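There are 2 protein chains.
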Amino acid sequence: MQPQPRPRPQTPKPNGQDHQHPVLAAISRRRSIRDYTAAEVTEEALREIVRAGTWAPSGINNQPWRFVLIRDEQTRKQLAELTKYRRIVLSAPALIAVFLDRDAMYDQVKDHQAAGACLQNMLLAAEALGLGAVWLGQILQNKEQVRQLLEVEQKHDLMAVVALGHPAPGEQRAQRKPLEEFILKSI
Amino acid sequence: MQPQPRPRPQTPKPNGQDHQHPVLAAISRRRSIRDYTAAEVTEEALREIVRAGTWAPSGINNQPWRFVLIRDEQTRKQLAELTKYRRIVLSAPALIAVFLDRDAMYDQVKDHQAAGACLQNMLLAAEALGLGAVWLGQILQNKEQVRQLLEVEQKHDLMAVVALGHPAPGEQRAQRKPLEEFILKSI
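Protein chains in written order, with the working numbering: chain A, 1 to 187; chain B, 1 to 187.
Hint data in this document are derived by calculation from the structure and do not stem from the laboratory. Incorrect hints may have been included.
As the list claims (entries may be wrong) - Result set (SDA-like, lysine to any residue): computed pairs, CA atoms no more than 25 Å apart in a straight line: (1) B:K143 to A:L184; (2) B:K77 to A:L184; (3) B:K185 to A:T83; (4) A:K143 to A:M105; (5) B:K84 to A:Q63.
Said to hold, decoys possible - The following residues of chain A were derived to be distant from chain B, with all beta-carbon distances above 10 Å: (6) R34; (7) D35; (8) K84; (9) M105; (10) H166; (11) G170; (12) Q172.
Given the structure is predicted, the values throughout are model-derived calculations rather than measurements. Ideal Cβ positions, reconstructed from N, Cα and C, are used throughout, including at glycine.
Construct the entire structure; sequences and hints are all you get.
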């Protein structure tokens with residue numbers, strides 16, 4: 001699979017986006033991508049993204065994450081009806097539903113954090129593969145219906161759905177508060 | 001002309017560590033580093049790591065994360081007494097305590113996930129800067145004492161402490177289950 005990183009902006013941006021290091025650059029360049037071309041996403045790419053997710057750390061290395069890879073059109077259409085972000089889901093040629101296996105969980109807070117770390121790896125991996133992705137959380141309002149639609153065992157708790165596709169042309173923006181607002185103190 | 005099947009990797013390494021792409025390689029190469037040399041970690045490096053953390057996505061972009069950067073020896077020694085991983089904390093020349101600001105939170109599960117995404121960015125950034133890091137969660141057992149020691153407002157909820165330093169020589173290992181155990185289905 002040929003990684004296709006998106007071109008970097010020419011002019012250095014504020015907020016440290018002008019990194020020379022590829023990983024730091026990727027972290028600050030990543031954006032939620034909500035518009036996709038019609039080009040399909042291969043199963044191989046989805047597996048690569050999931051694999052990156054599984055390299056996240058988890059408490060006591062319990063690796064509680066489980067995944068459903070979705071490219072089937074009918075399933076995508078049905079999923080779209082379960083979120084207010086219907087348009088994004090309809091536009092995305094692939095989706096990955098991320099669950100936690102309750103049998104593997106050991107601590108609610110830490111397992112939810114691990115799911116977040118896993119999702120972040122997935123988003124970075126998608127970008128590295130030249131894809132665009134967005135983490136959909138609002139669909140958790142209907143997580144039981146999602147689980148039933150995907151015919152997944154009851155012990156699996158939906159954490160998020162990631163929508164994926166080849167980015168449609170267009171500028172992506174993101175805003176972050178100044179760093180100083182996040183640093184409570186330095187001692 | 002026969003259609004040419006795409007070439008497969010000649011000698012695939014286990015766990016996807018044979019990536020050409022720097023970001024995918026960094027994700028699968030990252031390890032929890034628990035032994036450090038005596039070399040100090042600059043405040044600038046800590047700020048770069050925190051900045052990477054803040055580029056994580058958060059639900060409704062609430063950016064609920066807050067940080068305390070710790071290099072002061074006395075504080076590190078006191079923190080070490082609040083976890084069974086005393087040895088790691090004593091060995092680390094720098095620590096970053098990650099909190100969520102309850103005033104900024106909007107959904108417990110999603111905010112904890114966002115903290116996890118933030119922490120994963122921090123771990124990847126540390127590695128990119130040539131540092132070693134480990135995410136310490138066990139210290140949450142004493143999160144109230146940590147908050148008081150760091151003299152942080154009560155509204156801040158400790159999510160984790162990251163220990164950081166220059167990696168001491170030695171092999172780092174990590175184990176992950178086979179990918180197939182995580183993929184419930186592909187549809």
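* Holds or violated: is the Cβ of K84 (chain A) farther than 10 Å from all Cβ atoms of chain B? -> holds (13 Å)
* Is K143 (chain B) close enough to L184 (chain A), meaning Cα to Cα at most 25 Å? -> holds (16 Å)
* **Q172 (chain A) and chain B, when compared Cβ to Cβ, separated by more than 10 Å** => holds (12 Å)
* Straight-line Cα separation of K143 (chain A) and M105 (chain A) no greater than 25 Å? -> The given pair, whose Cα atoms are some 18 Å apart, holds under the 25 Å limit.
* Please settle this one: H166 (chain A) was flagged as non-interface, so is its CB more than 10 Å from every CB on chain B? => Nearest chain B Cβ is 17 Å from H166 (chain A), so the label holds.
* Asked: CA of K77 (chain B) to CA of L184 (chain A), is that 25 Å or under?
  -> holds (20 Å)
* Just double-check R34 (chain A) for me: nearest Cβ-Cβ distance to chain B has to come out over 10 Å. => holds (12 Å)
* To do: With 10 Å as the threshold, tell me whether M105 (chain A) passes as away from chain B on beta-carbon distances.
  => holds (13 Å)
* Taking the minimum C-beta separation from G170 (chain A) to chain B, is that value above 10 Å? -> holds (18 Å)
* Whether D35 (chain A) stays farther than 10 Å from all C-beta atoms of chain B, as the label says -> At about 17 Å from chain B, D35 (chain A) clears the 10 Å cut-off, so the statement holds.
* **Pair hint outcome, K185 (chain B) versus T83 (chain A) [Cα-Cα no greater than 25 Å]** => Holds - the C-alpha atoms of T83 (chain A) and K185 (chain B) are around 21 Å apart, at most 25 Å.
* Taking 25 Å as the top limit, are the C-alpha atoms of K84 (chain B) and Q63 (chain A) close enough? -> With Cα atoms ~22 Å apart, K84 (chain B) and Q63 (chain A) stay inside 25 Å; holds.
Every hint, counting from the list given before, is met by this structure.
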